[in-house]
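Trainee: Residue numbers (our numbering), protein chains in the order written: chain A, 147 to 778; chain B, 836 to 1450.
One or more hints might be untrue.
Under the rule of at most 30 Å between Cα atoms (straight-line distance), these lysine-lysine pairs were calculated in the DSS-like manner [what the hints assert, rightly or not]: (1) B:Lys1446 / A:Lys559; (2) B:Lys1136 / B:Lys1446; (3) A:Lys559 / B:Lys1171.
Here are the in silico distance ranges between beta carbons for each label pair [to be verified]: (4) A:Gln560 / B:Leu1209: 55 to 61 Å; (5) B:Arg1089 / A:Gly309: 42 to 48 Å; (6) A:Glu640 / B:Ala1174: 48 to 54 Å; (7) B:Arg1176 / A:Glu640: 55 to 61 Å.
Here are some chain A residues the structure puts well away from chain B; computed CB gaps all over 12 Å [to be verified]: (8) Pro214; (9) Gly279; (10) Gly309; (11) Arg315; (12) Ala403; (13) Thr421; (14) Asp453; (15) Gln560; (16) Gly632; (17) Arg639; (18) Ser745; (19) Gly755; (20) Glu761.
Read the hints as simulated data drawn from the structure, not as lab findings.
By construction, the Cβ of each residue, glycine as well, lies at the ideal position given by its N, Cα and C atoms.
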Amino acid sequence: MATPGFPHSTAGDSRDPPLPASRYAAWAGSVGELCQLVESLTPLAATIGAPPPPDAEWYGQLFGKLRPQVIREPVLVVAVCGGTNTGKSLITNVLVGGEISRSVPEAARTRCAVASLPRGLAAGTDLAALFPGFTPRPWSSGDDALGGGEAGDDLLIYRDDPGGRQPARLILVDTPDVDGTLRENWQRAEAVRNACDVIIAVLTQQKYNDAAVRDFFAAAAAASKSLIVVFNMVNWPAQRERIAGWLATFNAETGAAPLAVYAVAHDFARAEAGTIEFFPLPELTGGVAGAAGPVDLAAVLAGVDFDRIKLRAMEGAFRVVLDPVTGMGGWLARMEASSRDWQEARKVLAEEARVRVELPSAPRELVWSEIWDWLEPRRSLVDINLSRVYRAAGRGMAWVGRRVGIGRTAAEKQDDFATVELAALKQALAEFIDRLDGACRRDPRLGSLLGEILVNGDRASWYADLERRHGELPMVSEDYRAFVRGELDRFSRENPKFLQVLLTGLSLGSVARPCITVGLMVAGAAAVPAAAAASHGLTTLVHTAGDYVVWAVAPLAGEGVLGLTMAGLKPLIERLFAGWSAERSRVLTETLHDVVLGSTLEEIDRRAGAAARPEVARARRLLHDCGREFSR
Amino acid sequence: MTDSPTSAAAGAPPPSGFDDAGFDDLVTGLDRWSGSLPDWPPARRVRAEWEEVAARLDRARRELSRVLVVGVIGGTGTGKSTLVNALAGRDVSPAGDVARPTTVAPVVVVARDVDCSWLSLDGVGARVVISDSPAVANIVLVDCPDPDTQGPERESNGSAPPHRPSDTNHNRDLLERILPACDVLLLVATAQKYRSWSVAREVAAFAPGRPLLFVQTHASRDPDIRDDWRRELERQGIVAPAIHRVDGVEATRRAVAGIGPEEGFAALVQAIDEELVGRAARRVRRTGALDLAGWFLRQAKVHLDPLRQPVAALGAGIASQRGRLEGLMGNAVAGKLKASRPAWQRIMQDELVERWQGGPFAMFLHGIASLGALWPRLRAGGLVGRVLAGQGVPHVPSGDGAWQSIEEVGLSEAEVEQSRSILVGLAARAAIGEPMTGRARLDDSAVQVSVGTLMERTGNWLVGGIDRLVAQRRDRSDSPLVRTACELVFSGVIAAVLGRAAWNFFYGHLWMGRPVGGLGFLEEALVWIVMLGLVLRFLLFARMRAGLDRDIAGLVTRLPGARLVDPFLQDFATAAGKVSTFLDAGDDLSGRHEALSARIEEGRSSLGRLKGPVA
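The shape of chain A in the complex, shown without the other chains:
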């Protein structure tokens, strides 16, 4: 029996060329690649605050419909959907011709998707792949449908068609409700809806205009699923005239254009017996009101033009994916926008998280003794003897000073220095934490990432770590020695004439008060010309920028004044001191990087760079290409 508007397989008289599955099989490559790109981008998108794709319609169509079905032997999936207690299971059982899903008086009892398969299909089909997200389980009784578990434990009960009359490529699925208090039921119904080609919408006079029901079927209509509407529990024929109005509301709200409409009378006895009747209402779909007799809906389903409906559903699914606003492109745009917000956050961090560390003046003899060591073999005998005299005299003076209690031994001086230096580093750490707090307040995105560290981090252990690193740091490291020798070698190579100047310069006490700036994400910061360059495993994102100032120059001997003013020497001395200080302050950057921030900086960088990922560009290009091909 032909229903107008209903594509039937009319083998002989179709003027259209046959529509083989190969039409959409050609999209397989693009679909597969799009899926891969989405999968690789999804974790990143979730972290940068873009909407999670699984909530979107396009995602459901791409992963639930296109990917599983684009290369498979085409099967037609018919889903029976509707609100709680509207009689979905009853209708499924009638269509199957035997009890497959238990129909009970209580609402929202069907918890699983229940599929009736044509005989022999189960053996040759990977149901888990065809219905992604579901765990297939063979049918044992009608009660199976009632036994679904919590969210995440999504079962697909399947059974070979008990009547044996189901067409070879047709799968009929009963679904849980779309409006009850158990949200996992909605998700299961939506997953089946995404996978299906034909939807039998079970409506009642109570439930054709509920928002939850409307939204469910509107999404199906947007994806060009073929829709068959069944009004259940109708006071037949008293309410027959009402149905046109109900359907008009439903169509207007959902944008659906049902292929056919049927009414099922409210008849408790027939429902109990499983012998309900479907009364066609062809006048509602543009046909002519025919005889009022009931029809066999199962036979109607068997007679539809599978290929055309399938192609329509596949094209509809692809159209949803390609929609520039609500489709995948829209998601990419949201992701890019989120990524831009992270770039902003990175800027805020670079501005805020920068601390000047006021280190104490370096004990000059430490640096000088390195320079002496380098110079020793290059000096003349006179020089050496002279300097020995000076040194002996200096030692004597120091001894006297110590005796009267105003001088300190070298070791004591170094201890004093280390104490003051540690205090400065700790204060810098405290200020850094305070500034990070400020950055979090300024930018909620930073707050979301760093807040956890700042609030739940064990700050006491950060300080303990800084103290430990500082304690382990030798006064003069091998790295620094190498740096000093390198600098001096370079200087003497470039300025051989100035060697003498350098020697006289040594009688100077040049005290450089270093000021180190520790900052995060400082673009193009001048790296300190120091052993920091040889820092072990330090990220380039924590910079130590040495902007040091010469604080005081105290000449001890008259001729030394001359030496310092000579070109090249002053910068050299400054570099040597600054290098030493930068190396000292490295413990702070190490603590910040290893203990406080961990991988957070890399994470921020990753998020800020999300939009620039090649996957995004590739996805855009693919969507563009597919859209062009599709519109042709």
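Add chain B to chain A, keeping to what the hints say.
Mentor: Frame of chain A; chain B shown alone:
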């Protein structure tokens, strides 16, 4: 009469019934409590919730005896309007199956003689109809729009969504403006809609403090689902002692035709009459108010409970940081005290000399002391030095000098800032921040004040400690035995010298005629006397000095008791204390609420109510 009245009253279980005075006290207590800590964000949130609840409680108290407003709520097509018509005895609200939703404006049904001018339903387009039906004679019935035909709020993502007829549907918004005015909710459901998510959401939002009546409609068409509905309600945290089952269409037909009602409908009318009218209305309002207060306390608990552990951790953190700073201070102070030997020596000498008067050795000690006094005393620097020198607590310099002035007692800006920074983190975990606590770095004025307090306290503590220590040592050396021994030895030598000199003079010179030996002997003797005196003095002070280091260490162990470093962490300690008090006060109020609820538990009606959170 064997029992005295007092013992009977003490032993008897609390009288059941509603304790008005107790409830008023509870409300006053809740009001004061919720507003007691406005600086703490979680408490502010509790306060905001309280302000909504308080308005309702206040209204319930003022309008204790007026009729109850019953809001009829349920999904579209469940027969709300049909039921309202049946209760009103005539068609007051359009009902039917022509189009959904049928009711788009609320209908208020009142009896002819009831004044409902107090019912504020402005701006929702409510229509008031008068009914003479006995079923609604003593209540106000409101037929509400449905919650399930209005679509979800659409997020505006730049592109206008396709126009749909339902875009103009605001039934749920209307419902949410009507329900606050209702005292009781009459929940209508059918077999198709009793598990409706959209209805459950509205009920969860409006059930607190509102008793519930449950009615399954479409009784003639649908199976009886009341048992399953009750299970579903339990899952939503609602107890439903009774669920009525009626057929609205049939009831309306009978009411219009003047035939007596069927059984289910009669039971519903009876329940309304018994549970919602007259004295029962007062009871409903009071228990509703008590339930509302209970709901508020449960909500507050939900907000506050996760913070209990962080608040405790902050308390522990304050203790541990205080301990750390006190440790630093103790080490530095002990080192400083131990290093100041000359100062100790002088204190002890002054102390001893002042007490020893008379006697040759005492005179000798005085002599030595006054010789020492000829040297000008160096002006001692630093807190410890000044205290040891008896020069009082120095003035706190401003600026960076403030920090430098306490460096000698082991505290520095960096150490204090470290402790405060750690506490800022712990406080943030407990949602405590500015203005309850300051930042890690103290500002200049705070530094000035804190350092000043620390110096003053430390100075006083040191003065007391040193005085006590010196007094102990003095008492040890100042025993009459030691004193007598010293005096005897010293006087003995002097006496021996004088005796010898007298012998030489009287016997040797006058008697034997030998020449006077000159002053040579006396000079020699004087040297010996002075040397002996010095030895005695040395022994005496050695005895006093013995174990000084140990005693200093003992003094320093008593440092935590003096609460010296508190000024630096005061804001955190105060905040943690306030928050703990707030949490405890909340627990106390919950206990009082439970006691009040227990009194009325037995007198509960068959009305349903929200009992706990959703399972």
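Trainee: None of the hints should be skipped; say for each whether it holds.
Mentor: Do the hints match the structure? See the list:
1. In summary, the hint linking Lys1446 of chain B to Lys559 of chain A is not supported, as the alpha carbons are separated by about 72 Å, beyond the 30 Å threshold.
2. Restraint check: the Cα-Cα separation between Lys1136 of chain B and Lys1446 of chain B comes to about 15 Å, which is no more than 30 Å; the hinted pair holds.
3. For the given pair, Lys559 of chain A sits about 19 Å from Lys1171 of chain B by alpha-carbon distance, which is consistent with the 30 Å threshold.
4. At roughly 42 Å, the beta carbons of Gln560 of chain A and Leu1209 of chain B sit outside the given window of 55 to 61 Å.
5. The hinted range of 42 to 48 Å is satisfied by Arg1089 of chain B and Gly309 of chain A, whose Cβ atoms lie roughly 47 Å apart.
6. As the Cβ distance of Glu640 of chain A to Ala1174 of chain B is approximately 52 Å, the hint placing it in 48 to 54 Å holds.
7. For Arg1176 of chain B and Glu640 of chain A, the Cβ-Cβ distance of about 58 Å falls inside the hinted range of 55 to 61 Å, so the restraint holds.
8. The non-interface label for Pro214 of chain A is consistent with chain B: the shortest C-beta to C-beta separation is roughly 28 Å, beyond 12 Å.
9. Even its closest Cβ contact with chain B, about 21 Å, leaves Gly279 of chain A beyond 12 Å, as expected for a residue assigned away from the interface.
10. Residue-level check passed: Gly309 of chain A sits 28 Å from the nearest beta carbon of chain B, beyond 12 Å.
11. Non-interface call for Arg315 of chain A relative to chain B: holds, since the shortest CB-CB distance, roughly 34 Å, exceeds 12 Å.
12. With a closest Cβ-Cβ approach of about 14 Å to chain B, Ala403 of chain A is found to remain outside the 12 Å limit, as its non-interface label requires.
13. Against the 12 Å criterion, Thr421 of chain A stays outside the reach of chain B, whose nearest CB is about 18 Å from its own CB.
14. In this structure Asp453 of chain A is separated from chain B by more than 12 Å, as the shortest Cβ-Cβ distance comes to about 30 Å.
15. Interface exclusion of Gln560 of chain A from chain B stands, the closest Cβ pair being 18 Å apart, more than 12 Å.
16. At the 12 Å boundary, the C-beta of Gly632 of chain A stays outside the reach of chain B, the nearest C-beta of that chain being 34 Å off.
17. With a least beta-carbon separation of about 42 Å from chain B, Arg639 of chain A lies farther than 12 Å from that chain, consistent with its non-interface assignment.
18. The Cβ of Ser745 of chain A lies farther than 12 Å from every Cβ of chain B, with a closest approach of about 20 Å, so its non-interface assignment holds.
19. Every CB of chain B is more than 12 Å from the CB of Gly755 of chain A (nearest about 25 Å), matching its label as outside the interface.
20. Taking the minimum C-beta to C-beta distance to chain B, about 23 Å, the non-interface status of Glu761 of chain A holds against the 12 Å cut.
Hint compliance for this structure: hints 1 and 4 are not met, and every other hint is.
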